[in-house]
Amino acid sequence: MHIDWGSLGLVFVVALASVVVLTSLFSFAVVGLSQREAARESGGSGTGPLAGAVLCFALCLAIVGYGIYLIVA
Amino acid sequence: MDFSLIVLVVIVAALAFDFTNGFHDTANAMATSIATGALKPRVAVAVSAVLNLVGAFLSIEVAKTISGGIVDDTKVTPVIIFAGLVGAIVWNLVTWLIGLPSSSSHALFGGLIGATWIASGSDAVHFGKVVEKVLIPALASPVVAGIVATLGTFLVYRITARAKQGTVGRTFKAGQIASASLVSLAHGTNDAQKTMGVITLTLIASGSLAPNSGPPLWVILTAGTAIALGTYLGGWRIIQTMGKKLTEIQTPQGFAAETSAAAVILTSAHLGFALSTTHVCSGGIIGSGLGRKLAEVRWGVAGKMVVAWALTLPAAAIVGAVAAEVSTLGTWGTVLIGLAGVVVAVGIYLASKRNPINANTVNESEPVAQPANA
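From first to last, the protein sequence lines are chains L and S.
Its first residue numbered 1, the first sequence is counted upward by one per residue in my numbering.
Its first residue numbered 1001, the second sequence is counted upward by one per residue in my numbering.
One or more of the hints may lead you astray.
Residues from chain S that face chain L, not an exhaustive set, calculated with beta carbons under 7 Å [what the hints assert, rightly or not]:
#: 1; residue: Ser1260
#: 2; residue: Ser1268
#: 3; residue: His1270
Derived DEER-like restraints, expressed as beta-carbon distance ranges [stated by the list, open to error]:
#: 4; chain 1: L; residue 1: Gly65; chain 2: S; residue 2: Pro1216; range: 24 to 32 Å
#: 5; chain 1: S; residue 1: Leu1135; chain 2: L; residue 2: Val72; range: 43 to 51 Å
#: 6; chain 1: L; residue 1: Glu41; chain 2: S; residue 2: Ile1098; range: 45 to 53 Å
Dumping the calculated SDA-like pairs for lysine to any residue here, alpha-carbon to alpha-carbon at most 25 Å [unchecked claim]:
#: 7; chain 1: S; residue 1: Lys1173; chain 2: L; residue 2: Ala51
#: 8; chain 1: S; residue 1: Lys1164; chain 2: L; residue 2: Gly9
#: 9; chain 1: S; residue 1: Lys1129; chain 2: L; residue 2: Gly9
#: 10; chain 1: S; residue 1: Lys1173; chain 2: L; residue 2: Gly46
#: 11; chain 1: S; residue 1: Lys1040; chain 2: S; residue 2: Ser1213
#: 12; chain 1: S; residue 1: Lys1164; chain 2: L; residue 2: Ala58
#: 13; chain 1: S; residue 1: Lys1353; chain 2: S; residue 2: Leu1229
Treat the hints as calculated values from the structure; they're not laboratory data.
Since the structure is predicted, the reported quantities are computational estimates derived from the model, not experimental observations.
Cβ atoms here follow ideal geometry from the backbone N, Cα and C, with glycine treated the same way.
Model the full assembly from the supplied sequences, consistent with the hints where possible.
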């Protein structure tokens, strides 16, 4: 019997890393959107936070897309 | 390729199992989205169905594991596979009736192991492979998903603590739709593969395919379609258990739980681990309950689920073994088992009508299970 602890460990590490990065990025994007709303309510433009949020969302999409690409290719 | 009648019967049984797999596991992807209202129940199952079909085409690593792994290809006959499938289908239907999210994968493995053991002897079952490919992933995967989801949920709440709650709720609803879709895709890459593996195993056993072949295209297509149809039907009973009874779920938690489940399933499907999507998703939901401060995990419900997990493989194995014992007596035995399977399925369907749960009522029940109402 051969238990492939290496692969199992790899699953854990890859899943943990991708979830930490994805949930953090998404949360930062949410914070950005929230700051934009706050800025607009107080008369500002909120362009900076919005740009940050869009960048975070785009990174999320890119990571997910790359993950699916790795599986298909 | 020419098929004998028994091979055809096995293929039909395999697709029937795939169908039960679909509605049994809709909950894995969509329970939290339906519970938080991110998606309407009907929309959720439709999205999930389409993505399951897409996922079926993405990767065939898991299918290869099944057909070249836990039982001895050379000692398995189509009749044995048929008996194993009957065991798996019966267990899937029973657990659906009582709303328990047990693992379809373990039902399948259990049925096959039981049937092979009785019909071809214990040396036809590769117990080493069973431990390596089934038991270890079964123990490790919910823990891994749970830890990952706990951390993910913690981060989400920590980072967004001072953001406007309205924005948080709205945005995570959208995020949840994306993450739930990913789980459905992951489910297709993992669970649709299991039926493909079984059909491929049958074709090899009957000599239609060379040993160690991958699944032909028509197998991928029919298996993907069967699981998609089952998914669309919606296993509302299990959705209710996972979305409402395990822990109360907010959208950020649902997002974290689903992202974790998708990451774990996709990574391991890519490496050929046939882990149970049910175990992973349940682990993720519990983890998201732990990661949010003060969120209550109902350990009573979780405990019942774990008992069902532990029972799944042996219970399906026993049904599979009995089915194999009778089926191998001759053609009449196989016919008898087939009829018995149909009778059980119809009986369970009729029993479910006494206490129906559907798209309209799935979110209505009080979170605490009503006593003696089943």
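Hint by hint, here is what the structure shows:
1. Ser1260: holds, 5 Å
2. Ser1268: holds, 5 Å
3. His1270: holds, 5 Å
4. L/Gly65 - S/Pro1216: 24 to 32 Å: Holds, at about 29 Å.
5. S/Leu1135 - L/Val72: 43 to 51 Å: Cβ of S/Leu1135 to Cβ of L/Val72: about 30 Å, so the range 43 to 51 Å is violated.
6. L/Glu41 - S/Ile1098: 45 to 53 Å: holds, 51 Å
7. S/Lys1173 - L/Ala51: holds, 21 Å
8. S/Lys1164 - L/Gly9: This hinted pair is violated, its Cα atoms lying about 38 Å apart.
9. S/Lys1129 - L/Gly9: holds, 18 Å
10. S/Lys1173 - L/Gly46: This hinted pair holds, its Cα atoms lying about 23 Å apart.
11. S/Lys1040 - S/Ser1213: violated, 41 Å
12. S/Lys1164 - L/Ala58: This hinted pair holds, its Cα atoms lying about 22 Å apart.
13. S/Lys1353 - S/Leu1229: holds, 20 Å
Figure legend: structure checked against the earlier numbered hints; hints not met, in rising order: 5, 8 and 11.
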